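Chemist: Residue strings, one per chain:
Protein chains: 2
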Amino acid sequence: MTDHVTTLSEILGPKGWLSGTDAEPYQRDWLNRYGVAPLGVARPANTAEAAAVVKACREAGVAVIPQGGNTGLCGGAVADQPNAVIVSLSRMTAIGEPNPESGSIAVDAGVVLAALHEALEPHGLMFPMHLGAEGSARIGGLIGTNAGGSQAFRYGMMQDLVLGLEVVTPDGMVWDGLRAVQKDNAGYQLRKLYCGAEGTLGIVTRAVLRLYPTPKQQTSALLVMSDFAAAVSFGVYLRGEAGEFLAGLEFFSDAGLALALKHLPDLAYQLESRGDVYLLVELASGSPRVPLDEILNSALEWGMEQGLVTDGALANSGAQRSQFWRLREEQPEGQRLEGEQLKHDISVPPGAIARFIKAGAEICGGILPGVRINPFGHLGDGNIHYNLSPPEGRADFDGKAGQFAEALTSLATEMGGSFAAEHGLGRAKIAMAEQNRGIVERELMARLKGAFDPQDTLNPGVLVHAPL
Amino acid sequence: MTDHVTTLSEILGPKGWLSGTDAEPYQRDWLNRYGVAPLGVARPANTAEAAAVVKACREAGVAVIPQGGNTGLCGGAVADQPNAVIVSLSRMTAIGEPNPESGSIAVDAGVVLAALHEALEPHGLMFPMHLGAEGSARIGGLIGTNAGGSQAFRYGMMQDLVLGLEVVTPDGMVWDGLRAVQKDNAGYQLRKLYCGAEGTLGIVTRAVLRLYPTPKQQTSALLVMSDFAAAVSFGVYLRGEAGEFLAGLEFFSDAGLALALKHLPDLAYQLESRGDVYLLVELASGSPRVPLDEILNSALEWGMEQGLVTDGALANSGAQRSQFWRLREEQPEGQRLEGEQLKHDISVPPGAIARFIKAGAEICGGILPGVRINPFGHLGDGNIHYNLSPPEGRADFDGKAGQFAEALTSLATEMGGSFAAEHGLGRAKIAMAEQNRGIVERELMARLKGAFDPQDTLNPGVLVHAPL
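Chains A and B, in that order, are what the protein sequence lines are. First residue of the first sequence: 1, per the numbering used here; consecutive thereafter. First residue of the second sequence: 1, per the numbering used here; consecutive thereafter.
One or more hints might be untrue.
[As the list claims (entries may be wrong)] Derived CB-CB ranges, DEER-like: (1) N46/A / N297/B: 27 to 35 Å; (2) A229/B / R274/A: 20 to 28 Å; (3) I373/B / S410/A: 56 to 64 Å; (4) E414/A / A94/B: 15 to 23 Å; (5) E434/B / I439/A: 29 to 37 Å; (6) R289/A / A94/B: 54 to 62 Å; (7) V36/B / T93/A: 19 to 27 Å; (8) E121/A / E305/B: 23 to 31 Å; (9) N46/B / L271/A: 51 to 59 Å.
It should be emphasised that the hints constitute simulated quantities derived from the structure, not laboratory data. Model, not experiment: these values are computed from the prediction. Built from N, CA and C at the ideal position, the CB exists for glycine as well.
Chain A on its own, in the form it takes in the complex (with noise of 0.2 Å):
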C-alpha cells in the first residue's frame, strides 16, 4: 500500500475508503465502456473530508475523479489510469428544509434526484428536472453535467436551476457560493461556470437549488403527427397558444415506438393509429380555474384541421397518462434490447428539427445502406436524441461509428446547433470536441482549467485535454 492511500484512509476512515473488490461498484461506467481500477474509492462524510482528500491527492499527484450516480452516457466519472482516485459523494445526502417563501432548497451534492423530488412533495413544491435516470443521478452529477431533461425548455438546465453552490477546488480549498438568490452579480458567474465542468474545475458538494409550486392540474395527450415538419408546426402553436401551461413536449418515432413495443412486452400502444412520428404533450397549471383540457383540446383541433395531427387522445387517468410516459420513457431500453446501437445526443434550433432529422437520415443512409434511425426527444428545445441500430440482419455497425458521429457533428454544428447537447463531452467525446472547436474555443477552454487546475489533478481527460 502506499504512502498517499494510507493518508487517503486515514481521512476518511473504513467506511470511507473503498478498495479492491469493494471499489468495484464504481469501476465502470453506466455503458460499460469506460473505466479501469482505481486505487480506491473516496466516500467522504462531508466537504471538509472531501477537501482533504483532493489536497492529498493532488499533493501526490494522483488523479480525482468525481463521481454522482455514475448514471452518465460518456465515460466523464470513472478513472481511464489506475493512478486515480474515484470520490464518491454518495454519503452526501443531506436534503436541507424547503422554504417555501423564496423557492429554494439546500442540498448536499449526493442527493439522488428522484429522493429530493419525494422530499418535495409533501410542501407543495417541485424541482423542476426530469429524467430517465432521475432514479440513481445525483445532485452534484447533474450539476457536473449541466444536465437538461424533459422540462428544460420550460424550467432551464441545471445552470439555470442553480442559485448557489459550495465547491472543493482543485487545490483543496471550498469556495462558499452558497448565496439563495437569483440576482447575484457581484462577481464572475462561477455558479454557472461550475455547471457543465464535468467535475474539472472542482467538486460540488452542496447547492442552494430553485424550487417551484406544484401545478394543481395537468392533462396529458398523446399523438400521432403526419410528419416530423407538422410535429415542428403543432409545437410552434402550442407556444403561442399553451407557453405557459406546456410542461412537456416529447417526441419519437414509430422506428422507436416499434423497438420498445417488441422488447417491452408490457407495454400497450392504445390510439386506433399508427404513423411515423408521435407527440406527447402535457400542460399543467397552478391555477384550478384554467381549462387545460379545453385548451389542449382546442389545439388538437386545430393541428387536425391543418393535417398536422392524424390521431390523439387526452389521457383519462393517471394510469393512462403514465402508459403515455411510458412510450417515450422506454425508448433508449428498446433500442438497447435490440442489440448493438450508437448514441448520438444532438441539439439544433428547435425549428430545425425536421430539417435535421431529413438530411441526417440521408447522410447516415449513404454512410451504412439500411442502418436503422430512431431519434426521440426534446422538442422544445430541439435536443434529439438521434440513435442508430445496425441494418436488419447485421449485429454492427461495419467499423463506422466515427463516420456517423463526424457527420452528425458536422450537421448539428452547420445548423447552430450542438453535438453535445445535455450528456457532455466526457471521455467519448473529447477528441470530437477538440476537432470540432475553433481554434479560439480550444484556447480560451484550455485557459480556463490551467486557471482553476494548472496540475490538471481533477478529472483529467475529460471536457478538455491538458491545461495550457
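Model the placement of chain B on the given structure of chain A, informed by the hints.
Modeler: Then chain B, alone, in the frame of chain A:
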C-alpha cells in the same frame, strides 16, 4: 498625437474614431460620478474592426473600456485613467430576422433594447427583458452587466436569455460562439461566463437571444398592502395560484410614492386609500381562454380576506395600466429630484424581503437618525433597490455613505443574498466586493481574469482587481 492613436484612427476611419470634444458625450457615467477623458472613443463598424482596435490597444499598453448605452449605475463603462480607449458599439446595430419556429434572433451588441422590442412586435414575438433604461441600454451592455429587470423572476436574467455569443477576446481574437440552442454542453459554459463579466474578459459583439411568443392578453392591478410581510405572503400565494401567468410583481413604499408624486406633477394616484406598501401585479397569457381577470380578482379577494390587501384596483384600460406602472417606474426619478441620494442594489431570498427591510431600517436609523428609506423593486426575485435620502432638512449624509453600504452589504450577505443584484460592481463597488469576498472566491476570480486577460487590457479596475 501618439503613434497608437494614429493606428486606431487609421483602422477606424473618421466616423469610427472620436477625440477631443467629439468624445465628451462618452466620457462620464450616467450618474456623473466617474470618467476621465480617454485618448478617444473607438466606434468600430464591425467585429473585425473591434478586434483590430483591441489588438492595437493591447500592443500599445492602452486600456480598453467597452461601453454600451452607458446607462450603468456603477461606473463600469468609462475610463479612470487617460491612457485608455472607450470602445462603443453604437454603430453595430443590425437586428437579424427573428426565427419564430426556433424562438431566437441574432443581433449586434450595439442594438438598443427598445429597438429590439419594436422590431419584434410585428412578429408576435418578445424578448422578455424590461428595465427603466431600455430606451438607451444596448444588448452588449445588458449582457456585460447580466441585466435582470422586472421579468427576471419569470424569464431569467440576460445569462438565461443568451443562447450564443460572439466575443472579441483581450488578445484581439474573435470567439465565434454564435450557436442558437439552449442545450449545448460541448465544453465550458463560456456564453454564461461572459454575462456579468462587465467587459473584463472580452467585448461581446453579437448575440443570439431567446425569444418568446407575445402574450395575447394581460391584466394588471395596483394593490395597497398592509405591510412588507403582507406583500411577501401575497407574492407566495400568487406564485402558487397564478405562477405561470405572473409577468410582473413589483413593490414600492409610500415614502417612494410620496417622492414621485411630489416631483412629477403629472403623476396621478387613483386608489382611494394609501398604505405603507404597494404591489403592482401583472398577469399575462398566450391563451385567450384563460380567465385572467377572474384569477386576479379572486387572488385579490383572498388577500383582502386574509388582511394582506387593504385596497386595490384592476387596470380598466391600457392607459390606466401605464399609470400604474409609472407610479413604480418613476420612483428613481422622484428620488433623484429630491436631491442627494444613496443607491443600494440588494437581493435577498424573496421570503426574507420584509425581514431585510425591517432590520435595514433599524440599522440605517442608527447610523443617521431620520434618514429616509425608499425601498422598491422586484418581489419575485428578492431584488430591493434600497435607496436613501438624507433626513428632512439635511442635504447630505454626514459622510456616512460608506457606513450605510457596509452595513447593508453585511445584512444582505448574512441572509444569503447579494449586495450587487443586477447593477453589477463596476468601479463603484469593487472595493466593497474585494472586501466582502471570501479568500477563495477572490482567488478564483483573479485567476479567471488572469487566464483571459493577463495584461489587464480590458476594463482594468472593474469587477476584479489586477489579475493574478
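Chemist: All hints are to be evaluated individually against the structure, with a verdict given for each.
Modeler: Do the hints match the structure? See the list:
Hint check: N46/A to N297/B, Cβ distance near 51 Å, so the stated range 27 to 35 Å is violated. Our hint of 20 to 28 Å for A229/B and R274/A is violated, since their Cβ atoms are close to 57 Å apart. Hint check: I373/B to S410/A, Cβ distance near 59 Å, so the stated range 56 to 64 Å holds. The hinted range of 15 to 23 Å is satisfied by E414/A and A94/B, whose Cβ atoms lie roughly 22 Å apart.
The hinted range of 29 to 37 Å is satisfied by E434/B and I439/A, whose Cβ atoms lie roughly 34 Å apart. For the pair R289/A and A94/B, the supplied restraint of 54 to 62 Å is violated, since their beta-carbon distance comes to about 44 Å. Between V36/B and T93/A, the C-beta spacing of about 55 Å breaks the proposed range 19 to 27 Å. The beta-carbon spacing between E121/A and E305/B, approximately 28 Å, falls within the hinted interval of 23 to 31 Å.
Distance hint check: the CB atoms of N46/B and L271/A are about 54 Å apart, consistent with the given range 51 to 59 Å.
Comparing the model with each earlier hint shows violations of hints 1, 2, 6, 7; every other hint is respected.
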